[in-house]
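If you want the building blocks of each chain, they are given just below.
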Amino acid sequence: MDESDLIRAAQKGDRDAFERLIRGYDQSVLRLAYNLLRNEEDAADIYQEAFLRVHKNLNSFRFDCSFHTWLYRIVTNLCLDQLRKKKVRREEPSVVETSDGTRDRLDMVHEERAASDPQRNVLSGQLRDRIQNVLGSLTVRERMVFEMRHYHGMRLRAIGEMLGTTEEAAKNCLFRATQKMRVALGDFV
Amino acid sequence: MNCEEARTQLSLYLLSELDFSREELLEQHLDGCPACREELAREKALNALLQTEDARLEVPAGLLSRCRADFAAQLAPGAPEAGNAFVRWWNRLGDIVIPPAALFKAAGVAALVAAGFFAGRSQQRFSEPPGWTAARVKSVEAAGDGQIRVVLDETRQREVSGAPEEEQIQRLLLAAVKDPTDPGLRVESVQMLRGRSESSEVRQALIHALENDENDGVRLKAIEGLNRFARELDTRRALTRVLLRDANPGIRTQAVDLLMQNMAPAGLEQETVGAMQEVLLREENGYIRLRCQKALAEMKASPGTF
Numbered sequence: 081m082d083e084s085d086l087i088r089a090a091q092k093g094d095r096d097a098f099e100r101l102i103r104g105y106d107q108s109v110l111r112l113a114y115n116l117l118r119n120e121e122d123a124a125d126i127y128q129e130a131f132l133r134v135h136k137n138l139n140s141f142r143f144d145c146s147f148h149t150w151l152y153r154i155v156t157n158l159c160l161d162q163l164r165k166k167k168v169r170r171e172e173p174s175v176v177e178t179s180d181g182t183r184d185r186l187d188m189v190h191e192e193r194a195a196s197d198p199q200r201n202v203l204s205g206q207l208r209d210r211i212q213n214v215l216g217s218l219t220v221r222e223r224m225v226f227e228m229r230h231y232h233g234m235r236l237r238a239i240g241e242m243l244g245t246t247e248e249a250a251k252n253c254l255f256r257a258t259q260k261m262r263v264a265l266g267d268f269v
Numbered sequence: 389m390n391c392e393e394a395r396t397q398l399s400l401y402l403l404s405e406l407d408f409s410r411e412e413l414l415e416q417h418l419d420g421c422p423a424c425r426e427e428l429a430r431e432k433a434l435n436a437l438l439q440t441e442d443a444r445l446e447v448p449a450g451l452l453s454r455c456r457a458d459f460a461a462q463l464a465p466g467a468p469e470a471g472n473a474f475v476r477w478w479n480r481l482g483d484i485v486i487p488p489a490a491l492f493k494a495a496g497v498a499a500l501v502a503a504g505f506f507a508g509r510s511q512q513r514f515s516e517p518p519g520w521t522a523a524r525v526k527s528v529e530a531a532g533d534g535q536i537r538v539v540l541d542e543t544r545q546r547e548v549s550g551a552p553e554e555e556q557i558q559r560l561l562l563a564a565v566k567d568p569t570d571p572g573l574r575v576e577s578v579q580m581l582r583g584r585s586e587s588s589e590v591r592q593a594l595i596h597a598l599e600n601d602e603n604d605g606v607r608l609k610a611i612e613g614l615n616r617f618a619r620e621l622d623t624r625r626a627l628t629r630v631l632l633r634d635a636n637p638g639i640r641t642q643a644v645d646l647l648m649q650n651m652a653p654a655g656l657e658q659e660t661v662g663a664m665q666e667v668l669l670r671e672e673n674g675y676i677r678l679r680c681q682k683a684l685a686e687m688k689a690s691p692g693t694f
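Taken in order, these protein sequences are the chains called A and B. Residues in the first sequence are numbered from 81 upward in steps of one, following our numbering. Residues in the second sequence are numbered from 389 upward in steps of one, following our numbering.
Hints in this document: simulated from the structure, not taken from any laboratory. Treat the hints loosely; a few may be bogus.
[Stated by the list, open to error] Straight-line alpha carbon distances no greater than 20 Å define the calculated DMTMM-like cross-link-like pairs of lysine to aspartate or glutamate that follow: (1) B:Lys566 with A:Asp96; (2) A:Lys260 with B:Glu666; (3) B:Lys688 with B:Glu672; (4) A:Lys260 with B:Glu427; (5) B:Lys432 with A:Asp267; (6) A:Lys136 with B:Asp541.
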């Protein structure tokens, strides 16, 4: 059964087909949400909301774009909303209070990862921090375009379409994001 | 095109996002400009850096499973199902979980039967509150005194945790690998078993999954788990069969790569040689054909069958 068969079966109410359909995408949806929002609970919320919307609106899917594009449009809109809300509400302070005093949220994530792999060297830790800091400093759109182009292999035209903008605007976003990355990582390359 | 303009195009050029004419202009400029070529090399290095593992936050272990379980639970009450309104109503009721005490105290037999019957449908795969029981009516009969006797099969959800090397955990994972209803569960179970493939039971389960599972993700995880054992005879035979039969070219590619990395002299590889010769006759994928050709040449075996 190929994807369009699965979609048609799911549209007729076949629950197994629906499950198989979303299983083909849910891992990358979660990875996208987690890397964009950098928060486990937010990413989990996006996952739930995105697939509930897919479930609710699948009958209106008319194959005029790929399912992938349709799904990612839902996911990116949800992530954009969430990121904007965060910017307004400042929900995600960069530091948190712990029993050891004030700690950077990102450092804590890195430490967990480093602890699970003691082979990681200092240089790799610095690089990771640097990249994550730049990603955190990008605008919502820059971050979205950068993430989708570099890590989800989407073409800029498709990204523009998904974000309701032009390919040219997506190019500009990517260019700005890459510039910031280049400046921050200059001494690594 | 001048240098300033060229440099704004380099990242797009590397991502193949320039249109033909822009790409042509940039390449012409690069041909004659060593400074911009150097800049291009730096841009490539930056791209490579961004593709390293360090550039990404890995999704925390267990988050995907949690999301899937939560989603299944959310979906359960109103999930669409083939059929009419009665079927949908039936399934909604089917997701109600009945606590055993309430079940046996129910006054009306009809209610009891209905509750048990519908609850039975909720056992399939949706998470339930701990301590609650899903039940299914196994049989019904007249008891003779105007009463009806209902026999229920009950399923209770239980959580077990332990280290991956513990026998009980391994046994449960081995069972989960064969669960025909849930490919996601099989993928995760195979992934967790991959690290234990020195156990012959686990290896056999991985081989079985590689050769028989209908889900590409499960087969991919299984082949990765067999990586370290590609010299073993049973694994090589499985890889050979996969090379000939698997519908997914990605998996056939992995199979041929593994076979090649662990090649013994041709005399000891008769099955592999035969399979590779057959591949040359019918494989559509150019990469796989090339790899087989190379392997046969290295073993000094003929590329054709006679």
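Comparing the hints with the structure gives:
1. Distance check on the hinted pair: B:Lys566 and A:Asp96 sit about 17 Å apart at the alpha-carbon level, within 20 Å; holds.
2. Pair hint A:Lys260 plus B:Glu666 does not hold up; C-alpha atoms about 52 Å apart against a cutoff of 20 Å.
3. At most 20 Å may separate the alpha-carbon atoms for a hinted pair to count; B:Lys688 and B:Glu672 exceed this at roughly 23 Å.
4. Between the alpha carbons of A:Lys260 and B:Glu427 the distance comes to roughly 16 Å, so the proposed pair stays at or under 20 Å and holds.
5. Distance restraint check for B:Lys432 and A:Asp267: the Cα-Cα separation of roughly 14 Å lies within the 20 Å cut-off, and the hinted pair is therefore satisfied.
6. A distance of roughly 34 Å separates the Cα atoms of A:Lys136 and B:Asp541; the hinted pair therefore is violated under the 20 Å criterion.
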